[in-house]
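Asker: The lines below spell out each chain.
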Amino acid sequence: EVQLVESGGGLVQPGGSLRLSCAASGFSASNSYMTWVRQAPGKGLEWVSVIYTGGATYYADSVKGRFTIPRDNSKNTLYLQMNSLRAEDTAVYYCARGLVGSTTAFEYWGQGTLVTVSS
Amino acid sequence: QSALTQPASVSGSPGQSITISCTGTSSDVGGYDFVSWYQQYPGKAPILMISDVSHRPSGVSNRFSGSKSGNTASLTISGLQAEDEADYYCSSYTSSSTLVFGGGTKLTVL
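Going line by line, the protein sequences match chains Y and Z.
With the numbering used here applied, the first sequence covers 1 to 119.
With the numbering used here applied, the second sequence covers 120 to 229.
Since the hints were derived computationally from the structure, they do not count as laboratory data.
Be a bit skeptical, because a hint or two may be false.
[What the hints assert, rightly or not] Taking lysine-lysine pairs in the DSSO-like style, the calculated list, with each CA pair at most 27 Å apart, reads:
no., chain 1, residue 1, chain 2, residue 2
1, Z, Lys225, Z, Lys163
2, Y, Lys43, Z, Lys163
3, Y, Lys43, Z, Lys225
4, Y, Lys64, Y, Lys75
Given only the sequences and the hints, what does the whole structure look like? Please build it.
Answerer: See the structure below:
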C-alpha cells in the first residue's frame, strides 16, 4: 500500500528555516516524480516544487532561491528545505507522488503538515 | 506564474450535470495536454480525478470527465450526487516547466 507521511511542521520565526520530511512506503520514491503543494489557511492550493526521477527539480517563483527539494533514496524520503521563511509561507504542506503514466498529475497524497511563520 | 481562472462557485441539483471551467493561456492550458483536476473535501488532502486533460485514474467514477478547447479546460460531473459537494482545483503544466493551480471552485449540491 502506498503511503506518504509528512512531518517537521511547526512554528518558526520570520527569517528562520525548517525542513519538512515526507516518508514514503509501498513504493520507491527514487523511481517516482514527487511534488510539494501548500495551502494557506482558508485558501486554495499552491504548487511549490517538483522533483523528477532523473533528479531535475523545479520551483514556484514564490519560493525559488529559498526552498529546495532534496531526496534521500536510502531512507525513501523526500524533503522540503525551507529557508528565509516569511509570513506568507504559512500553510499546510502536502507531499504527493506522481501518477504512473503521467508526468504532471499526482495520485497519492500525504495528510499534510502545518507550517506557521510568526514572531 | 499567474493562477488559472476558475469560477468561485457552481451549484446543481442531484442528478443534473455541471461543468467547471479552468482558463489559462497558451503558455499553460492551451500549450499542453497536461491539465489535471482535483477534488478536495474540507480539511482533507486533494484527490486526483482527471489527469492529462481527460484521463480518469483507476477508481474514479465515470461521472467525471475532462476536456479542453483552446486555453480553457473543463471538468464535467454528470448525475450529480450529494457526495460530489467539495472544492475542485485544476492544474496545468507551464512553459517554464512548472505547475500552476487554479483558484478553486466550490461545488454546492442543492
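Asker: Flag every earlier hint the structure violates by its number, smallest first.
Answerer: Those not satisfied: there are none.
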